[in-house]
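Could you slot chain V onto chain W? The hints should help.
Protein sequences appear in the order of chains W and V.
One point on numbering: in our numbering, the residue at position 105 of the first sequence is 105, and numbering is uninterrupted.
One point on numbering: in our numbering, the residue at position 202 of the second sequence is 202, and numbering is uninterrupted.
I should point out that these hints are in silico values taken from the structure, not numbers from a laboratory.
Heads up, some of the hints might be wrong.
[As the list claims (entries may be wrong)] Straight-line C-alpha distance at most 27 Å; calculated BS3-like pairs for lysine-lysine:
1) 244(V) with 28(W)
2) 28(W) with 224(V)
3) 39(V) with 170(V)
4) 425(V) with 244(V)
5) 28(W) with 49(W)
6) 224(V) with 39(V)
7) 425(V) with 170(V)
8) 49(W) with 224(V)
9) 352(V) with 244(V)
[Unchecked claim] Derived coverage of chain W by chain V (criterion: at least 3 residues anywhere in the stretch with Cβ under 8 Å from a Cβ of chain V; other residues may be distant):
10) 10–16
11) 46–52
12) 86–92
The beta carbon of each residue, even a glycine, is placed where N, CA and C say it ideally should be.
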Amino acid sequence: MAGPCLTTAPTLADPLTVNAKPGQINLKLTGTVVFDPSGTDVITTSGAKVSFTCSAQTLSFTGVSGTSYYVEMLHAGTMATSTGDLQEDCAGAVTLATLSPANTFSRLLVVVA
Amino acid sequence: MRSSMNLAALLLVCLCSVAPACEAQTTHGITDACPSQLKRILAASAGKDSAALEQFVTFSQGLDCMTTLLLTQGSGVELLIDHAAAVRAALQQNGTSTGSGNTTNLVSKGATAQVLSLASEYGGMTEATSGQTVTLSGSLGGVPTALTKNGILSNCAGINLPESVCISNKTVNNLNRISYSVGFNTSSTSQTVAGMTTSSTTGSTAVPATFTASTNTVSSATAKFVILRGAAATITDTVTAVNKLGPTSLSGVPAAEQATALGYARCAMNDDTLPAVVAWRTATVAKMLAAGPDGAVQAWLQQAEALMSATRTAPASTTCPPADLLKELGDYALFVNGYKTGVNGYVESLRKAPLLTFEYDLNRPASQPTNSTFRLVGQTVLGGWTLTFNGAGSIYNSTPSSAIPGSSLMRDFQIAGEASYDFSKMKKSTILGHSTASAAYYLQDQTSPAILNVTPGQPASGVTITGLPSTATQVYAQKGNIDIVQGKFTYSPGTSGLTVPVSFTWSNRTELVSNNPLWRGQVGISYNFDSLFGGAK
Chain W
1 MAGPCLTTAP
11 TLADPLTVNA
21 KPGQINLKLT
31 GTVVFDPSGT
41 DVITTSGAKV
51 SFTCSAQTLS
61 FTGVSGTSYY
71 VEMLHAGTMA
81 TSTGDLQEDC
91 AGAVTLATLS
101 PANTFSRLLV
111 VVA
Chain V
1 MRSSMNLAAL
11 LLVCLCSVAP
21 ACEAQTTHGI
31 TDACPSQLKR
41 ILAASAGKDS
51 AALEQFVTFS
61 QGLDCMTTLL
71 LTQGSGVELL
81 IDHAAAVRAA
91 LQQNGTSTGS
101 GNTTNLVSKG
111 ATAQVLSLAS
121 EYGGMTEATS
131 GQTVTLSGSL
141 GGVPTALTKN
151 GILSNCAGIN
161 LPESVCISNK
171 TVNNLNRISY
181 SVGFNTSSTS
191 QTVAGMTTSS
201 TTGSTAVPAT
211 FTASTNTVSS
221 ATAKFVILRG
231 AAATITDTVT
241 AVNKLGPTSL
251 SGVPAAEQAT
261 ALGYARCAMN
271 DDTLPAVVAW
281 RTATVAKMLA
291 AGPDGAVQAW
301 LQQAEALMSA
311 TRTAPASTTC
321 PPADLLKELG
331 DYALFVNGYK
341 TGVNGYVESL
351 RKAPLLTFEY
361 DLNRPASQPT
371 NSTFRLVGQT
381 VLGGWTLTFN
391 GAGSIYNSTP
401 SSAIPGSSLM
411 RDFQIAGEAS
421 YDFSKMKKST
431 ILGHSTASAA
441 YYLQDQTSPA
451 ILNVTPGQPA
461 SGVTITGLPS
471 TATQVYAQKG
481 NIDIVQGKFT
491 YSPGTSGLTV
501 PVSFTWSNRT
511 ELVSNNPLWR
521 GQVGISYNFD
531 SLFGGAK
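Isolated chain W, as found in the complex (with noise of 0.2 Å):
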């Protein structure tokens, strides 16, 4: 069972950035969308990389309190038309990204408080 989530979304003023609480975060991909693993990837904003798993439609990595982390996405539809919300995988999830045919590669800025 999905545990509480970690993160909140976007705000209109801040659209890029995720605020999120130390821990796994564990990220789901709804819709017609999948992850393209060779483009996908988890960066510190000073270019560390992170470990992190990702299948075609889950991407999971541990934010580390008062770090910030680029997720990195490339991603594909099954459709042209296809859309997909990226989720914390948790109770209650709110959407953090949408992604599209408009968006072959997002990036999404999480700070860990």
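Relative to chain W, chain V alone:
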């Protein structure tokens, strides 16, 4: 650049004329991907501001649309000149015009021939050689796919390149329903010449003769049209396939090319924090909301020039040295088009097998009259069972000699059926792994006798004929039914890479030899070394 793009447009018109549903349109000179996405976002928020709308106008979350917007600017055309020059050079390498002094071409190639040649070079068709036979094969969709992957055409689901035309994945998929294969006999004996004296003058040192040539350069040709396609892959199928693929790219774009394009993307994303870009974002969202859902796309397009001004204030950083942002985004656009084309091919490869296919075969066997076969192939999958049915009719391409009793233009009728079971589809895994078992039956009703072309003193290769009159040009066999039954088991345990096929075949006769039932057994073995070295990747 214009000449190569016109060439691409010409080819697109040719391809669209045979595609059942060809889409090659753009709106405002851009593909429909961004306007559609903008409309979806506004519809979801009832025309109000939302995080998705704010993300749409950022490089980090809406890079493709930001690139699309920047490339609508006139100066964007200049960015792709280097690429256009490379394409033009590639076209010119495929043969200079006749009469230019250093050409090997007898006849100048047309534009389509040049593009097909380019497609061959860039992967639009495949060439295989076996012994003295060269086989060219591919599907009609292979040509636009190759052109899109190499930046000559754009993908309608991607980013329209300046002065380019786009072709949709749907059109490519429809073109891929038509495939072809042509076999060429390249042996030195592909043309044989036979002579016959026309005078019985004895004692003469010079005798007149007539010569006949038998040319057999094209040994076979096949065209297939998929009438009913199998079901498209579901998202579950795709997720399963991607997870099996691991870190390999879905699109087939080379890793180095992808890394370069994504590096450019990261640099562009850094511009999101520039004050000028933040201000542009605020102004653009306000204008789109003020314009309402119907005018939002136009309002967004009108912000292109302002975006260009904002990005030109970008300072250099340590990770992204000073560079021409638009040039880099032009390269990113090329990647996106190739990527979306490659992914479409990957997803299509997961589609179930065709349900109904029409096939035409032109057969030009050595020493036999040419014939054409028209075949319908049906297939259905039920659990682990695959059932295949064939029905065909074959005609001679010219009416056989009336001297052959019982001969007609109709050569034969054929029906065949096969039932195959895949043991990997069993609920519980067994030692049989991915083994398959199949049984097949084939019936050919010969309505005309099989005919062999012969020349006096030079009968058909591999056939010895005694008592052949010197005037005979054809021999024929006894017609009848040919029945063939085959049982086959292919042992393929797990992921070992080992495959051992064993088959038994019985036939009541062959085309030439009647009243002589034939039993034949075959055993093979193959090993896929990828399974041995896969773990070393």
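Numbers of the earlier hints that this structure fails to satisfy, in rising order: Going through the list in order, the structure violates hints 2, 6, 7, 8, 11, 12 and respects the others.
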